[in-house]
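If you want the building blocks of each chain, they are given just below.
There are 2 protein chains.
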Amino acid sequence: MAYELYYWDGLQGRGEFVRLALEEAGAKYVDVARSSHGMSAMMAYLHGKQGYLAMPFAPPFLKDGDIVVSHVANILHYLGPKLNLVPKEEKSRIFIHGLQLTLTDFVAEAHDTHHPISTTDYYEDQKEEAKARTQAFLRHRVPKFLGYFNHVIQVNPAKNGHTVGDALSYADLSLFQIAEGLAYAFPRAMRNFDRDYPDVAKLRDLVRRRPNIEAYVNSKRRLAFNDSGIFRHYPELDQDPA
Amino acid sequence: MAYELYYWDGLQGRGEFVRLALEEAGAKYVDVARSSHGMSAMMAYLHGKQGYLAMPFAPPFLKDGDIVVSHVANILHYLGPKLNLVPKEEKSRIFIHGLQLTLTDFVAEAHDTHHPISTTDYYEDQKEEAKARTQAFLRHRVPKFLGYFNHVIQVNPAKNGHTVGDALSYADLSLFQIAEGLAYAFPRAMRNFDRDYPDVAKLRDLVRRRPNIEAYVNSKRRLAFNDSGIFRHYPELDQDPA
Numbered sequence: 001m002a003y004e005l006y007y008w009d010g011l012q013g014r015g016e017f018v019r020l021a022l023e024e025a026g027a028k029y030v031d032v033a034r035s036s037h038g039m040s041a042m043m044a045y046l047h048g049k050q051g052y053l054a055m056p057f058a059p060p061f062l063k064d065g066d067i068v069v070s071h072v073a074n075i076l077h078y079l080g081p082k083l084n085l086v087p088k089e090e091k092s093r094i095f096i097h098g099l100q101l102t103l104t105d106f107v108a109e110a111h112d113t114h115h116p117i118s119t120t121d122y123y124e125d126q127k128e129e130a131k132a133r134t135q136a137f138l139r140h141r142v143p144k145f146l147g148y149f150n151h152v153i154q155v156n157p158a159k160n161g162h163t164v165g166d167a168l169s170y171a172d173l174s175l176f177q178i179a180e181g182l183a184y185a186f187p188r189a190m191r192n193f194d195r196d197y198p199d200v201a202k203l204r205d206l207v208r209r210r211p212n213i214e215a216y217v218n219s220k221r222r223l224a225f226n227d228s229g230i231f232r233h234y235p236e237l238d239q240d241p242a
Numbered sequence: 001m002a003y004e005l006y007y008w009d010g011l012q013g014r015g016e017f018v019r020l021a022l023e024e025a026g027a028k029y030v031d032v033a034r035s036s037h038g039m040s041a042m043m044a045y046l047h048g049k050q051g052y053l054a055m056p057f058a059p060p061f062l063k064d065g066d067i068v069v070s071h072v073a074n075i076l077h078y079l080g081p082k083l084n085l086v087p088k089e090e091k092s093r094i095f096i097h098g099l100q101l102t103l104t105d106f107v108a109e110a111h112d113t114h115h116p117i118s119t120t121d122y123y124e125d126q127k128e129e130a131k132a133r134t135q136a137f138l139r140h141r142v143p144k145f146l147g148y149f150n151h152v153i154q155v156n157p158a159k160n161g162h163t164v165g166d167a168l169s170y171a172d173l174s175l176f177q178i179a180e181g182l183a184y185a186f187p188r189a190m191r192n193f194d195r196d197y198p199d200v201a202k203l204r205d206l207v208r209r210r211p212n213i214e215a216y217v218n219s220k221r222r223l224a225f226n227d228s229g230i231f232r233h234y235p236e237l238d239q240d241p242a
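From first to last, the protein sequence lines stand for chains Z and E. For the first sequence, the residue numbers in full-length UniProt numbering are 1 to 242. For the second sequence, the residue numbers in full-length UniProt numbering are 1 to 242.
Since the hints were derived computationally from the structure, they do not count as laboratory data. Be aware that one or more of the hints could be misleading.
If several chains are the same, the list does not tell them apart, and a pair holds so long as it fits within one copy or across any two.
In the DSS-like style, the derived pairs of lysine-lysine whose C-alpha atoms are separated by at most 27 Å in a straight line are [unchecked claim]:
#  : residue 1 : residue 2
1  : LYS88     : LYS159
2  : LYS91     : LYS49
3  : LYS144    : LYS159
4  : LYS127    : LYS144
5  : LYS49     : LYS202
6  : LYS220    : LYS28
7  : LYS202    : LYS88
8  : LYS82     : LYS159
9  : LYS49     : LYS88
10 : LYS159    : LYS49
With the sequences and hints as input, model every part of the structure.
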């Protein structure tokens with residue numbers, strides 16, 4: 001049976017981290033909210049009409065048979081073993097789940113660069129605060145997060161350019177997505193990305209060349225980055241490299 | 001062997017969600033950074049000196065034998081079955097993990113009320129932005145999150161006042177901590193808490209009366225809420241109920 005992915009149509013957003021895992025693995029899935037009547041099917045869950053244990057706080061969520069899994073990190077932790085995107089040992093799986101939760105925090109911070117005051121208000125109404133928050137994000141948070149992931153790749157004893165273990169994991173795919181998103185949102189600030197985070201850059205390139213990812217990125221299923229998503233390109237927020 | 005919890009001394013912070021689970025279960029644990037030489041032991045992990053699979057991005061993290069687990073939700077997902085704080089069925093465990101990840105997001109938003117621009121800068125340097133963010137948080141986000149959890153408790157078929165299943169879970173303990181933290185930070189804005197979120201309020205009281213939690217809260221191990229933590233009481237941020 002095909003997996004059912006539920007996420008807002010019209011943007012990559014947080015759903016994209018799940019899509020990349022499903023696409024890399026060649027898994028069968030339906031992107032429900034992009035199909036006809038899909039939005040009302042999704043809203044039935046969010047409004048509690050599917051009942052107990054099937055009432056996520058927000059998309060994305062994944063339905064697999066009668067199991068409903070919400071939150072990107074929870075979904076990837078669930079899919080990892082099924083899609084062969086994590087090592088076998090518990091110790092590695094727990095570490096990778098921790099990496100994904102660190103990426104989750106980073107994604108929330110990337111989002112808040114354009115919405116530092118309220119997600120309910122327009123970007124235009126918090127533009128000055130967005131400039132200040134973006135400056136702090138680019139100066140302090142990006143180096144801290146990406147420096148960390150660069151180090152994680154370096155200490156992997158497999159020395160294969162991946163974050164953990166002998167092969168590709170879902171955390172590698174998510175890190176690829178974040179590298180691409182940052183380059184879209186902040187082309188000036190990310191000018192020295194490959195020099196500053198060489199191992200993350202190599203991993204990004206390695207993921208980009210994987211046949212299933214390349215086919216997906218070139219397909220209509222992959223929406224372009226746009227200004228509804230997490231990573232938005234507002235030239236006034238971009239700045240010279242730190 | 002005792003669990004080792006690593007978290008900053010001097011505040012409840014995110015470590016508190018883990019402490020509540022360990023205390024409720026009567027588990028043996030060492031709060032490492034509060035012991036002598038504990039801080040340097042913690043920093044050795046953060047600086048990567050403990051090597052591969054033992055390099056968390058940030059505290060809290062838990063050490064159990066040779067396994068290192070980072071992030072609150074990952075730690076509680078790991079401890080849940082061992083401490084008997086989740087039901088047996090996978091479906092419930094996945095749902096509870098999703099609830100905990102929703103609480104994680106809420107905690108980050110509660111933190112950002114006093115630091116909307118930069119965690120590197122002082123609160124005093126972002127006080128005006130903090131007022132705006134807090135207003136949006138109290139008006140839109142608190143009702144959305146707490147309304148959701150109130151509903152989750154209501155639809156639990158066990159009708160026992162818990163979020164999921166027949167008994168107490170770690171998500172119940174975390175929801176208690178959030179209710180207490182909100183009351184500390186925003187006593188004015190939370191004046192109608194019990195009326196607006198009656199099921200969450202009842203769950204808070206139920207957790208508060210559990211013997212191990214009561215003993216813990218009255219012990220020296222429980223630090224008081226203070227203005228280094230996630231929930232801070234700045235009277236100028238508090239406001240009349242929404």
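Here's how the hints hold up against the structure:
For a Cα distance limit of 27 Å, the shortest separation of LYS88 from LYS159 inside one copy, 18 Å, qualifies, whereas the shortest one across copies, 39 Å, does not. In this assembly of identical chains, the alpha carbons of LYS91 and LYS49 lie at most 27 Å apart only when taken from different copies (18 Å versus 38 Å within one copy). In this assembly of identical chains, LYS144 and LYS159 lie within 27 Å of each other by CA distance solely inside one copy; the values are 22 Å within and 45 Å between copies. Proximity of LYS127 to LYS144 under the C-alpha cut-off of 27 Å is found in both arrangements, the shortest distances being 24 Å within a copy and 25 Å between copies.
For the homomeric pair LYS49 and LYS202, the shortest alpha-carbon distance between copies (24 Å) is at most 27 Å, but the shortest distance inside one copy (45 Å) is not. For the homomeric pair LYS220 and LYS28, the shortest alpha-carbon distance inside one copy (16 Å) is at most 27 Å, but the shortest distance between copies (54 Å) is not. Proximity of LYS202 and LYS88 under a CA criterion of 27 Å is satisfied intra-copy only: 25 Å inside one chain copy versus 42 Å between copies. With identical chains, the CA atoms of LYS82 and LYS159 are at most 27 Å apart within one copy only, with a shortest distance of 25 Å there and 34 Å across copies.
Taking CA atoms no more than 27 Å apart as the test, LYS49 paired with LYS88 passes between copies only; the shortest distance there is 25 Å, against 37 Å inside one copy. Within a single copy, LYS159 and LYS49 get their C-alpha atoms only as close as 49 Å, which misses the 27 Å cut-off; across copies the closest is 18 Å, which meets it.
This entry satisfies every hint, going by the numbered hints stated previously.
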